[in-house]
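K.L.:
Single-letter residue listing:
Protein chains: 2
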Amino acid sequence: MASARDEGAKKSATLDGLTALLKADLDRVNRLILQRMQSPVTLIPQVAGHIVAAGGKRLRPMLTLAAARLCGYRGERHVALAAAVEFIHTATLLHDDVVDDSDLRRGHATANAVWDNKSSVLVGDFLFSRAFQLMVEDGSLKVLEILSEASAVIAEGEVLQLVTSNDTETTEEAYLAVIQAKTAQLFAAASRIGAVLADRPAAEEEALACYGRNLGIAFQLVDDVLDYSARQAELGKTVGDDFREGKITLPVVLALRQAGELERAFWRRTLEELDQQEGDLERAIELMTRLGTLRATLDRARHYGDAARRSLALFRDGAERRALEEAIDFCLARGH
Amino acid sequence: MASARDEGAKKSATLDGLTALLKADLDRVNRLILQRMQSPVTLIPQVAGHIVAAGGKRLRPMLTLAAARLCGYRGERHVALAAAVEFIHTATLLHDDVVDDSDLRRGHATANAVWDNKSSVLVGDFLFSRAFQLMVEDGSLKVLEILSEASAVIAEGEVLQLVTSNDTETTEEAYLAVIQAKTAQLFAAASRIGAVLADRPAAEEEALACYGRNLGIAFQLVDDVLDYSARQAELGKTVGDDFREGKITLPVVLALRQAGELERAFWRRTLEELDQQEGDLERAIELMTRLGTLRATLDRARHYGDAARRSLALFRDGAERRALEEAIDFCLARGH
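From first to last, the protein sequence lines are chains D and C. Numbering-wise (the numbering used here), the first sequence opens with residue 1458 and increments by one. Numbering-wise (the numbering used here), the second sequence opens with residue 1458 and increments by one.
Simulated from the structure, these hints should not be mistaken for lab results. Positions of the beta carbon are idealized from the N, C-alpha and C atoms, including for glycine. Treat the hints with caution; some may be incorrect.
Which chain D residues face chain C? A few, computed with CB under 10 Å, are given here [to be verified]:
(1) Val1504
(2) Gly1506
(3) Ala1511
(4) Tyr1530
(5) Glu1533
(6) Val1610
(7) Val1616
(8) Asp1624
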């Protein structure tokens, strides 16, 4: 069964089903995003446009759109709320790039590299405020509660990541706490509000939140593997960003668990002291490949993907559910 | 009459009346702030506590508390909303210090100097989210609308300030647009929600918004004068921060308007090119004193203070109204 699913994952390693199903809605979300990122202060749409146009997958707003449809919602409100979700995500990306001091994202120069950190901080604040304005216009206090809590938890997760950075004592639990907060919480919130919009019972809300949370964890685990993978390089992206920043992701946590004294000294020098030399990244990848920790991280991602899939069992089969299942396959297949 | 008011301003150059009137409420606001800035991620209360404890005047939350009382509000909701206002303010301070690359605020080391820019960005995001959580718990969509719009406008104002920085062509209108957005909007929103809480007619809401807006402009004008004033040094604060950063504030705009070729070259070198030498700050102060632009800026502040005072005419005389008038005197008297 696992291998059948793997085959499925490899075959439908795109979001085509989801985007086809949601095309009309997604076009409206994109138009609304462009419209609501405008400001008489022209630097704002310039910076926001740079990151919005940089070719994000719009995965999180698609979760809101698809979850609303899955719950039988037939109104118009999901468009604005999907845009709000994407604004929150974009704001955190702008701030992330400042925090990580990144020059590249998705193979493009980051806003802080093109302009400066100041602009990224302030335009992030603007988009974050815009997200709340969109939610206030929608008028659901429950949605506001879900997304304001998600925003607070994301910030907590980002700070926690800062604290665990360069700490080779980081445990798997601590790492999972970081990615649950910084990544999975918004996936969960984005999915959950689909059920809120359709006024569905708590069980369906919780099932969609559970779907999003597990999908988010799987997504981040695969992302962390990709940062050490040749596949990443094929896609025109840089490899080793996490390594260079001394971020302690799961492949590293698992490698440290099996490390002898010499290897431990290597990880401490490179990730704690950030004393990195030519060939260190290659040695890190070689170590993780030999110990199978990249593979083990992907196995865990698959485990969370399965949990996400099971959460959907509550809903009737149909195009929406299949599209949400395909989103799991897409997230997992990126790692192959 | 103007001189009588000046006397009054000099005599009551404190917020004592306001703080005495609001003591019980303000204590509750401070307790709520301490309580709601907590997080299992301990770096968050550390960074937040550093700036919260740094001795702010709590001017903005006091406006909410006093305005609510002025409008006859007798409930409890003003406490949480005043805390939300202070959280928004604190978040913008944390981000401001990153944007300005400041080491000192109110004579204390800034959070970004004690920790780093990353922590300030992320803890600012956390406090901003907490502000929205407090508003959502309160449950008024109207308050959420007012404060989410204020947040977006503040971010626009900060970006506009970034754009006008180092630009000696900045007009008085452009400068006023910056401070209306970055400072006066939150003063206006903080005051206005007092009337919203008490469910008062639109005229009272607008009068309080008008009071706050004009008070905020007066406050910022005086602040900009203080940055070039010996009085600032007496208070143990640094002088010349704006000058060193090349910020174009009103005393400079007015000096540029009267500048000959030589003086224009001086301002361009120091503020546009940031090529500053020993004695340049003193020369700037000497130029502005000789041309009377510091004095002229204070005159304009008094003009906005008068407008704020007139906005209160709609309300019955009493302790609350006198305390809000005293807040105007306090803001103006800081410049003397």
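K.L.:
Give a verdict on every hint.
P.N.:
Each hint tested on the structure:
1. Val1504: 8 Å, holds
2. Gly1506: Violated, about 14 Å.
3. Ala1511: It is violated, given that the least Cβ distance between D/Ala1511 and chain C is near 20 Å, above 10 Å.
4. Tyr1530: Violated, about 21 Å.
5. Glu1533: 18 Å, violated
6. Val1610: With a minimum Cβ separation of about 8 Å from chain C (threshold 10 Å), the hint on D/Val1610 holds.
7. Val1616: Cβ of D/Val1616 sits 5 Å from chain C, so the hint holds.
8. Asp1624: 13 Å, violated
Hint compliance for this structure: hints 2, 3, 4, 5 and 8 are broken, all remaining hints hold.
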